[in-house]
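Asks: Here is how the chains run, residue by residue.
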Amino acid sequence: MSKQSDAVSALTVIDADVAAHLVSRRHAITKGVTTSGLVMAGLRIGTVPAALAALATDAYGQGRLPTVVSGVLNFALRLEYLEAEFYNLGVAAPNLIPQADRQIFTTIQAHENAHVQYLRDTLGTAARPKPVFDFTAGNGAGNGPFADVFTNYNTFKAVAQAFEDTGVRAYKGQAPALQPYKDVLQAALTIHSVEARHAAEIRRLRGNFADNEPNEGWITNADTDITGTAAVYAGEANTTQLGLNVTTVTSVSAKEVTEAFDEPLTMAAVLAIIDPFIV
Amino acid sequence: MNIGETLGRRNFLRNAGLSGAALALAGCSLDGAELFAPKLEPSRAVVGADGSITLDFSSDIDVLNYAYALEQLEAAFYVTVVTNAQFTTIFAANEQRVLRDVRDHEVVHKDFLAAALGSARIPNLTPNFSGINFSDRLSVLQTARTFEDLGVSAYNGAARYLSSTAYLGVAGKIVSVEARHASAIRDLLNPRSGDFAPSAFDAANTPQTVLAAADPFIVESITATNT
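Quick note, the sequences are listed as chains V and E, same order.
If you want the numbering used here, it's the position in the first sequence, counting the first as 1, plus 911.
If you want the numbering used here, it's the position in the second sequence, counting the first as 1, plus 7.
Because the hints were derived from the structure by calculation, they are not lab data.
No experiment lies behind these values; they were computed from the predicted model shown.
Even glycine gets a Cβ: it sits at the ideal position worked out from N, Cα and C.
Certain hints may be false.
Cβ pair distances, simulated, as ranges [stated by the list, open to error]: (1) E:S200 / V:D1136: 23 to 29 Å; (2) V:G982 / E:T90: 45 to 51 Å; (3) E:P130 / V:T978: 43 to 49 Å; (4) V:A1165 / E:S65: 33 to 39 Å; (5) E:P198 / V:L1182: 33 to 39 Å.
Let the sequences and hints guide you as you build the complete structure.
Replies: Written out as structure tokens, the structure is:
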């Protein structure tokens, strides 16, 4: 029960309205009223998004999420499956990740697996199955441009960076579609910013955390030093926001203006980027 | 010291129109339609005689003003950090680079929001950094971590109040940069650990929680209504 209390108090901080729903659910539970097992699962896990996932399925009914929501969440799930399996294989690969860097990747691995679990819980029976991946980007041939991805640490880090930056742009691009579904939007945003934390860490790791452009934690212009990833960064040189040319209203240079805003990608652009990785 | 810069108040809608035409002429090929600002409404914020500010979250403009308040705070903090006489002594070269970049990004966020809000923006705030020792590496980095994590949680928690898709879009473009900052600052504090992302899910804090956390660093009192 203490973990349930923790979950509810965490929600009280996050969103009193949602917490009220949960509390009433708990009252319903104590009264023996049938309720979604996922609500209980969410409370046991004790994380806000897990509880929100339970609320979403409770509110809409298992398998009856609004089409827009299930479409976006299945799109996100496809990316999270990709990332989770990538890190699962990378962390398990012998002699790939140096000991000094292992904690970075086991942290990211745990997060991506948690994201998969969250999305699957929320989607319920609407969740699509995990695709078969080819991390060499060879569409199943196993000899794509990243053929040494699990034996060459530099390739592994480069692919990781591309996945994380794509993930950030993918979630960002779907926020407007989720806008009417505020709890789902908020939950998606709490994943979106974590992907950005991952992206920054891996980018800086690739520069060995030194003063080493273009491996800072942020995206400069549409620059990439990874062959074949131009589409991952297309549009990042944008300096116009809300129709305003930002370079005209600040003394900061255009390079840093492009770094100060991350740009979205459409669902179609993201699917094209990850297509070579899917068999 | 005023946090805000003395930017001329711009005719934002006119800028938007001109930029839109320029983009159309350039055959802008960004994915998806470039977002254009909805018609700018007046702020519903109430500014008291003592400088206190009450933001009305039923207004998109005041949700943006909330972001503007936080960006003013962050920008002022990093400007103070990098202009401190000890800056190049207490920070290694790569750390100086991170902090200068973050300073630049926060100034961009502040200047952009000031220009976008135009006459609908809240007054310049006055920071209170008396509790921070800017000559102490740990004091600076721990405060930076607080501000960046707070900024991420603030944008994540405020998104639900925006009714304009364009404003949601631009807030989303800023929040992930704040998350990149949070990651980098946390890595400076605890290098090569899992600290850069302490949870699989970031916080999404209410305006009340965020403003209470920011309150010690701002002279003016800021409150939020209609949340």
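Asks: Each of the hints needs a verdict: does it hold here or not?
Replies: Evaluated hints:
Restraint check, E:S200 to V:D1136: a C-beta distance of roughly 26 Å satisfies the suggested window 23 to 29 Å. Taking 45 to 51 Å as the suggested C-beta distance range, the pair V:G982 and E:T90 conforms, at roughly 49 Å. Between E:P130 and V:T978 the CB atoms are about 45 Å apart, so this pair conforms to the stated range of 43 to 49 Å. As the Cβ distance of V:A1165 to E:S65 is approximately 36 Å, the hint placing it in 33 to 39 Å holds.
For the pair E:P198 and V:L1182, the beta carbons lie near 36 Å from each other, so the given range of 33 to 39 Å is met.
Violated hints for the displayed structure: none, as all numbered hints are satisfied.
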